[in-house]
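In the numbering used here, the protein residues as written are 1 to 142.
Some clues are possibly wrong.
[Stated by the list, open to error] Listed next, the in silico DSSO-like pairs over lysine-lysine satisfying Cα-Cα at most 30 angstroms (straight line):
1. Lys-100 <-> Lys-14
2. Lys-121 <-> Lys-109
3. Lys-35 <-> Lys-113
4. Lys-35 <-> Lys-14
5. Lys-36 <-> Lys-121
6. Lys-35 <-> Lys-109
7. Lys-100 <-> Lys-113
8. Lys-121 <-> Lys-35
9. Lys-113 <-> Lys-124
10. Lys-35 <-> Lys-124
11. Lys-36 <-> Lys-100
12. Lys-36 <-> Lys-109
13. Lys-124 <-> Lys-36
14. Lys-100 <-> Lys-124
15. Lys-113 <-> Lys-36
[Stated by the list, open to error] Taking CB as the label site, the calculated pair distances span:
16. Asp-9 <-> Ile-117: 42 to 50 angstroms
17. Asp-66 <-> Thr-11: 16 to 24 angstroms
18. Pro-106 <-> Ser-18: 17 to 25 angstroms
19. Thr-85 <-> Asp-43: 23 to 31 angstroms
20. Lys-36 <-> Gly-94: 43 to 51 angstroms
21. Pro-138 <-> Arg-33: 24 to 32 angstroms
These are calculated hints, taken from the structure and not from any lab test.
The beta carbon of each residue, even a glycine, is placed where N, CA and C say it ideally should be.
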Amino acid sequence: MQSGTIDFDRTAVKISGSVVVAAGSGNSGEPARDKKMNSEILDVAHFADVSFAPQSYQGTIAAPGDSTIQVTGTFTLHGTPHDLTVPMQIHIDGANCAAKTHFTVPYVKWGLKDPSIFILKVAKEVYIDLTLAGRLSPSNRF
1 MQSGTIDFDR TAVKISGSVV VAAGSGNSGE PARDKKMNSE ILDVAHFADV SFAPQSYQGT
61 IAAPGDSTIQ VTGTFTLHGT PHDLTVPMQI HIDGANCAAK THFTVPYVKW GLKDPSIFIL
121 KVAKEVYIDL TLAGRLSPSN RF
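Model the full structure from these sequences, guided by the hints.
See the structure below:
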């Protein structure tokens, strides 16, 4: 993650902010595949960032403790915004807050090139695991 700030108001069920990740930071465990993905598919030279800007959430955020919510927002990939809803597990302990999510990005469906070739078939979607950690501002503490 390059940068990120998430603001939420659990009384008004509002969320905003942005999480920005370097487009070329993914690691599949296969350097040649990652190099091809970064240069030919993601074109990181022209589209260096991937971002998610949350706009709303459904569910209740416990204070303190664990919660599961659905966060809806705009996921921008290759310069194009896409609506996306992701499940998110939240843990609040005093001023500390952690969030985890796992979701799928259907990059071929969203218009990026399919890297499959005659012999090699590649999945047309990517699975993303994201873990965030931060501190609650005084106005958000429970």
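Hints and how they fare:
no.	hint	verdict
1	Lys-100 <-> Lys-14	holds, 18 angstroms
2	Lys-121 <-> Lys-109	holds, 16 angstroms
3	Lys-35 <-> Lys-113	holds, 15 angstroms
4	Lys-35 <-> Lys-14	violated, 38 angstroms
5	Lys-36 <-> Lys-121	holds, 14 angstroms
6	Lys-35 <-> Lys-109	holds, 21 angstroms
7	Lys-100 <-> Lys-113	holds, 29 angstroms
8	Lys-121 <-> Lys-35	holds, 17 angstroms
9	Lys-113 <-> Lys-124	holds, 9 angstroms
10	Lys-35 <-> Lys-124	holds, 17 angstroms
11	Lys-36 <-> Lys-100	holds, 28 angstroms
12	Lys-36 <-> Lys-109	holds, 19 angstroms
13	Lys-124 <-> Lys-36	holds, 15 angstroms
14	Lys-100 <-> Lys-124	holds, 23 angstroms
15	Lys-113 <-> Lys-36	holds, 11 angstroms
16	Asp-9 <-> Ile-117: 42 to 50 angstroms	holds, 49 angstroms
17	Asp-66 <-> Thr-11: 16 to 24 angstroms	holds, 19 angstroms
18	Pro-106 <-> Ser-18: 17 to 25 angstroms	holds, 21 angstroms
19	Thr-85 <-> Asp-43: 23 to 31 angstroms	holds, 26 angstroms
20	Lys-36 <-> Gly-94: 43 to 51 angstroms	holds, 45 angstroms
21	Pro-138 <-> Arg-33: 24 to 32 angstroms	violated, 45 angstroms
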